[in-house]
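Peer 1: Chain by chain, the residues:
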Amino acid sequence: MIVVTGTKRSGTSLWMHLLSESGVPCIGERFPSGWGDRLGVANPDGYYESELIAGIYHRTNPHPLTGAYLAPQQTRGHAVKVFIPGLVRTDVAFLDRCIATVRGWRDYVASRERVLALQPPPDPTVPVLPPVLEWWSQNFALVRDFAIRGYPGHVVSYESLVRDPARVIADVFRWLDHPSLGPDPATAAQRVAGLVRTDPPPAARNLESALPEGLRPSHLELFDALHHAIDSEQPLSGTLVRALNQAETELRSVLLEHHANLNAHAVSDLLGPRLS
Amino acid sequence: MHMPLGDPTALDLRFRERDFLSDGPPVDAFGPPAIASRIEDDEIAVFSAQAREEALLLFFQTTQFGIPAPGPSSLDLASWSLRPTTFGVLASVPAPSVRTPSQARRTWLVAACMPFLWPLAAEAAEPSQSPPIQRPRDETPPAATQGESEATPPPSPPELPAESNPSAASPVDPAVTEAPPEASSAAPKPPRANASATKASPPASPFDVDPRVVDAAWEGVVGLQVDLQLKGGLARQGKLTAVQRETFTLIESPTGRVLVMSKASVDSLRVRMPPPIPTSTGTGLLAGGGVMLSIATPVFITGAVFLGICPSCIELHVPMLMTGIVGLAGGIPMLIYGTRRRRAYAKVVEQYQLVPHVAWTRNEWTGGVRFRF
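Residue numbers (numbering that gives the first Met the number 0), protein chains in the order written: chain A, 0 to 275; chain B, 0 to 372.
Hints listed in this document are in silico derivations from the structure and should not be mistaken for laboratory results. All values derive from a computational prediction rather than experimental measurement. We put the CB at the ideal spot given by N, CA and C, even for glycine. Careful: at least some of the hints might be erroneous.
What the hints assert, rightly or not - Far from chain A by the CB rule (all over 10 Å, computed), these chain B residues:
#1 A9
#2 L10
#3 D226
#4 G232
#5 S252
#6 A263
#7 R269
#8 V270
#9 T280
#10 G302
#11 G307
#12 V325
#13 P332
#14 Y344
To be verified - Chain B is faced by these chain A residues, among others (derived, beta-carbon under 8 Å):
#15 V154
#16 V191
#17 L194
#18 E232
#19 G237
Take the sequences, apply the hints, and build the full model.
Peer 2: Quick look at the structure:
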């Protein structure tokens with residue numbers, strides 16, 4: 000499969016839109032029912048999401064209810080959107096090509112807050128991971144998974160896609176080497192490059208002034224360095240990789256605590272109001 | 000690990016091809032651990048006193064497919080479409096009481112969790128003809144006799160729901176009005192078959208809906224307080240006062256606005272559940288209080304009369320007065336509390352007639368009525 004991955008609000012739907020418009024068969028609905036009109040404002044071109052956004056692995060394939068099975072050799076040319084937590088669960092046999100998009104953490108935080116504002120107010124008792132930590136945990140998992148499992152993949156920044164869509168899309172289409180893109184992928188890229196639209200600039204806000212617990216300014220500089228390396232199409236240096244691993248060690252306890260709180264809330268919600 | 004040729008210590012993330020590692024796979028890392036892990040005998044979760052007194056609702060999502068027929072299979076992408084409704088088994092584990100002690104509650108929980116322990120048995124089982132819950136009753140013929148059931152071939156795997164059809168997987172815009180529930184009435188009704196016809200005709204799909212069930216479900220909620228979940232994530236609350244062919248009338252709470260809404264705009268409709276029926280009806284208190292008052296009142300009056308006639312006859316009026324006072328002190332509160340409990344019981348029972356539920360899934364309406372005793 001051609002797996003399009005990234006965090007939420009990082010351009011995954013945009014890539015699916017480009018591939019779909021270019022004739023690549025896609026798994027997922029452009030406008031899944033139940034999303035409502037409000038989220039349509041955030042992604043007017045659609046979401047292209049399916050039940051495989053949580054990964055293509057033993058819990059999702061064969062389908063847990065119908066038993067339908069997607070074989071790797073059947074779906075080599077299909078594009079599917081999988082968020083990063085699902086990517087790391089996905090069986091490597093399905094990862095024929097993986098397009099990952101990384102967005103700068105400041106824009107990501109602003110965009111996430113904008114989408115959350117469009118949704119009904121969340122239950123205040125449910126633990127919520129601060130968006131900046133969500134950005135870090137998922138993008139670190141992405142890089143680590145790329146490095147460990149060695150499947151064919153390409154990481155591109157959302158900003159470079161918006162800045163120079165014709166070139167970036169043409170490069171990716173050539174690499175995909177998909178029959179639906181024709182003998183000259185650059186032509187197909189030129190045709191769909193106009194579909195790339197720029198989000199309105201996020202509201203300026205000093206995100207550094209209210210850092211979540213455990214996060215230091217040096218971490219934010221590291222996040223910027225990671226995004227800069229991807230945006231400037233440079234490999235991650237050994238020094239940067241060591242710094243990323245060090246930051247992961249420092250922030251792991253915060254993330255584990257969040258997951259524990261989330262699990263405890265789920266158990267409490269299931270079994271009763273008060274569990275001791 | 001994929002490394003660029005220029006810098007062997009850097010990690011290249013662009014246009015990577017599949018890595019072919021020259022080293023052997025690290026199979027030793029996946030061998031048995033040197034020290035066997037030991038399961039600690041710690042508490043996993045402890046029910047609080049309040050949680051023990053409440054009923055538990057358990058939901059189990061069940062598989063709905065058997066072993067596929069041999070032969071080439073088509074690429075079924077629609078199975079992975081997002082769906083708003085999940086089918087499964089809902090079990091209510093009652094709170095422990097005199098009749099259902101905690102031992103029975105534990106048995107309930109263990110029994111309900113059994114499918115997790117033997118998943119293979121569930122996967123190899125024949126698919127059931129009628130799903131356990133959330134399906135309207137279809138017009139299946141009455142149960143066949145023993146001889147007929149032996150002659151009837153085993154049921155074929157159930158037809159996949161309509162969303163499994165790739166042609167039905169076209170994007171659905173939630174803003175576009177979906178087919179009203181009456182659309183299901185256009186579908187041919189399954190024939191009311193006799194025993195021989197049952198063998199010839201395929202089993203009715205569990206998703207077939209009798210429109211009369213839908214109409215009955217709508218009619219059943221008229222006059223009740225309901226919670227509506229509308230398409231697009233909106234919610235409304237109020238009293239459903241009338242049902243028309245394609246619309247219904249709702250008096251919204253707490254604004255009092257009268258809304259005429261389309262049935263097709265409703266994702267889910269749920270009637271507000273009345274509180275649980277009290278275990279005590281107050282009858283015992285009323286009877287006991289009445290008996291005590293009927294005895295204590297004349298005794299007390301007699302004692303008071305003796306006190307007026309013969310104040311020095313202590314051996315007569317003191318025991319009578321004491322007995323009367325004790326009887327009155329016990330009987331009057333028993334009557335008061337008994338009356339209160341009786342009223343509360345009658346009020347709840349009045350609300351506890353039936354609890355209907357209808358919901359619009361992707362392709363059809365589902366409905367049901369639950370009676371409580």
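Peer 1: Of the hints given before, which are not true for this structure?
Peer 2: Those not satisfied are hints 1, 2, 4, 16 and 17.
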